[in-house]
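Asks: Sequence:
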Amino acid sequence: MPGWDPGASPGGSVSARPPGADFLDWLRTPRPPALPGIWRFGHRPRPEAEPEQTPGRQLVSGAVIALLVGWLFWSLLLNNYLWGDWWLAPLFALLPSSWAPSGSQAAVRATNIYQLLITLLFLVVVARLGRWPELWRRYSPWSRARRETTSAASPPPAPTPQEDPAQWPELRAAGEHAVADRLADEAFAGRLRDVDHARLVRAWRSVQSGQLPVETFRRDVLRDGAAAFPHPSGRRDLPARSVPHDLATGQVRLGATLDDARNAYAYRTAGFALGSELLATSLVAVGPAGSGKTGALVRPVAEALCLQALAGRAAVVVVGAESAALGRADNYDIVIRLGHPDSVYDLDLYGGTHDAEEAATFLAEALVGDLPQASSSGRRPSTVLAQVLGPFRAVHGRFPSVAELRLLLDGSPKHLAALRAALAAAGHSALLRDVESRERQAGQPGDAAPLLVDRLALLDRPAFADFFDTSGEGAPFSFRALDHPVRVRIELPSRSHPDAARVLARLVLAQFTASVLVRGDVSLFACLALDDAAGVVTAESVRGIQSLRSAHAGVLLALRTLDDVPQELRAPLLGAVGCRMALSGVAPRDGQDFAAAWGTEWREIRDVTDRQIVADEPLTKVSHFLRKAITGKAPTAQSVTVRQVERERWSASELAHALPPGHAVVSLTTVRGEHAPPLLVDLRH
Numbered sequence: 004m005p006g007w008d009p010g011a012s013p014g015g016s017v018s019a020r021p022p023g024a025d026f027l028d029w030l031r032t033p034r035p036p037a038l039p040g041i042w043r044f045g046h047r048p049r050p051e052a053e054p055e056q057t058p059g060r061q062l063v064s065g066a067v068i069a070l071l072v073g074w075l076f077w078s079l080l081l082n083n084y085l086w087g088d089w090w091l092a093p094l095f096a097l098l099p100s101s102w103a104p105s106g107s108q109a110a111v112r113a114t115n116i117y118q119l120l121i122t123l124l125f126l127v128v129v130a131r132l133g134r135w136p137e138l139w140r141r142y143s144p145w146s147r148a149r150r151e152t153t154s155a156a157s158p159p160p161a162p163t164p165q166e167d168p169a170q171w172p173e174l175r176a177a178g179e180h181a182v183a184d185r186l187a188d189e190a191f192a193g194r195l196r197d198v199d200h201a202r203l204v205r206a207w208r209s210v211q212s213g214q215l216p217v218e219t220f221r222r223d224v225l226r227d228g229a230a231a232f233p234h235p236s237g238r239r240d241l242p243a244r245s246v247p248h249d250l251a252t253g254q255v256r257l258g259a260t261l262d263d264a265r266n267a268y269a270y271r272t273a274g275f276a277l278g279s280e281l282l283a284t285s286l287v288a289v290g291p292a293g294s295g296k297t298g299a300l301v302r303p304v305a306e307a308l309c310l311q312a313l314a315g316r317a318a319v320v321v322v323g324a325e326s327a328a329l330g331r332a333d334n335y336d337i338v339i340r341l342g343h344p345d346s347v348y349d350l351d352l353y354g355g356t357h358d359a360e361e362a363a364t365f366l367a368e369a370l371v372g373d374l375p376q377a378s379s380s381g382r383r384p385s386t387v388l389a390q391v392l393g394p395f396r397a398v399h400g401r402f403p404s405v406a407e408l409r410l411l412l413d414g415s416p417k418h419l420a421a422l423r424a425a426l427a428a429a430g431h432s433a434l435l436r437d438v439e440s441r442e443r444q445a446g447q448p449g450d451a452a453p454l455l456v457d458r459l460a461l462l463d464r465p466a467f468a469d470f471f472d473t474s475g476e477g478a479p480f481s482f483r484a485l486d487h488p489v490r491v492r493i494e495l496p497s498r499s500h501p502d503a504a505r506v507l508a509r510l511v512l513a514q515f516t517a518s519v520l521v522r523g524d525v526s527l528f529a530c531l532a533l534d535d536a537a538g539v540v541t542a543e544s545v546r547g548i549q550s551l552r553s554a555h556a557g558v559l560l561a562l563r564t565l566d567d568v569p570q571e572l573r574a575p576l577l578g579a580v581g582c583r584m585a586l587s588g589v590a591p592r593d594g595q596d597f598a599a600a601w602g603t604e605w606r607e608i609r610d611v612t613d614r615q616i617v618a619d620e621p622l623t624k625v626s627h628f629l630r631k632a633i634t635g636k637a638p639t640a641q642s643v644t645v646r647q648v649e650r651e652r653w654s655a656s657e658l659a660h661a662l663p664p665g666h667a668v669v670s671l672t673t674v675r676g677e678h679a680p681p682l683l684v685d686l687r688h
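Numbering-wise (the numbering used here), the sequence shown opens with residue 4 and increments by one.
No incorrect hints appear here.
Label-pair distances were calculated between CB atoms; the ranges are:
1) GLU360 <-> ASP524: 24 to 32 Å
2) LEU119 <-> ALA264: 41 to 49 Å
3) SER78 <-> THR603: 55 to 63 Å
4) SER626 <-> SER143: 36 to 44 Å
5) GLU360 <-> GLN447: 20 to 28 Å
Hints listed in this document are in silico derivations from the structure and should not be mistaken for laboratory results. Glycine included, every Cβ here is placed at the ideal spot set by N, Cα and C.
Please model the entire structure based on the sequences and the hints provided.
Replies: Here you go:
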């Protein structure tokens, strides 16, 4: 975990450092390639294979036995019980004949040296057999202090000018030395920050892909320096950061992977982080209230995506209740407070489309997508909506308001007659047939219009009178704007109008999934974060989530329980997303769904069986009797059986009862198909 937040202003003892020193340390910190989910900033990879760990008791006993053997050998050596002519034969074979064993001083000295070498060699062998080096590394205070010093983060050494990222070697390799010099001066002067660096790197990538002329890049950088290519808001950072971010890799650090036997060895003690390559496969997090979904997951991810948006790399929409702690309001460009009279921005009910069929699909999914009877009715709700939306737009040049749409679906003779007359006068014969068909179907068995009218009544309330304007006078937010690095916060009236809030959440998800699939530039990552996805998941939304990977987009769905998802959609939902998170406190039924999604693995099981020893010899019987009288237990012998069995990676019971507070089990998948097994993560670290 980095000790310096690039978004924070220096203060205290840090102010004595040269300007830009903190940024340069951040920029030069190594970020080696790592497995999915590992915090790469300053990461030190572990060995690929887990070393064999000898139990401490066995290690100490072996060392003691080896010490006793060595002491016995040394005692025999001091008493001259070991040395004889056969030990000295190799020595005399190497000595000159003039040094015959006549007791000369040279022969005595050579004999002593020879004995010392033999003794040292034996001690080395005994130490290796007793594993003294391993015992020293594991338990000596000096080795422990050295490990702590080595593991402590230290400033990286200054690289050579050719490899220094602060010197922008990519620009110099392309011949842009003047631009590189300008940016290097900005970095060393302390005017360049991590968001600026990420934004300029993206601009240079646009030059390389041909989307931005190199002359424009050169002109803007030489003129504006670190402030070149600004975000439309003019902001270059967020007011405050709550968690560590690394804009160089696009990661946000959420916690640490525990040093637990259930975690893969390469992940243990490593930082846990999420990036766009993981969020692009979508994520579902399940945990009860207070488990940390908002504070430990949704808010940090939203903050990271807002930083990415300021760098021109992402567009983010964060949806939650009006009281949800999803970051400061000035973290966002647009804040839509639906149902609140002070809201400055509005939401486009029809998603900015001009196609009646597409608008009908959005509305049908939002209004009745969660009702099984709607999908099983004789006429699809989207068809019913299209029968009135298309003709109304052809006559008025706009889509109907909520109140007007409700009257048309309710079969109001006055409004339908007026619409039919206007279509006949304009010569829209095909659309006229739609209105006549709607009149004939109204009130018939299987008609979906009554279901639509009931749900529209939730939005046709005084609190929403100033919202969903279709008159054309305003400019409500449309998801077509996700072609740009926009930051949007949508507050739903979950307390005052809970049913309407669920309808609006489904509308937002439907419009998001449809809009990102038709974007022209998919290099911009688009993400929708739903802090409460209860009642949002439908069969159509699951199909939409599956198609987001190819569009460089993803969704984050937070649920209190999987009971908020229809039973038949739980397995498809967990299969559609690439990342799954079960937080502490999940219900056993939720644990069963996660356990089924994570599958099984082969494990080595050791079965230890104790059996009583039956003695036949008289002396053995006496010794067993004395042993039982002293210890109170009959003599037994152990038999160990090792076998391979297939077990669940995490059982429903473990997920429901073995997760400590503030912890979660997370499985990850990248857009390239790389997998991370379920990991036990501490979200508080």
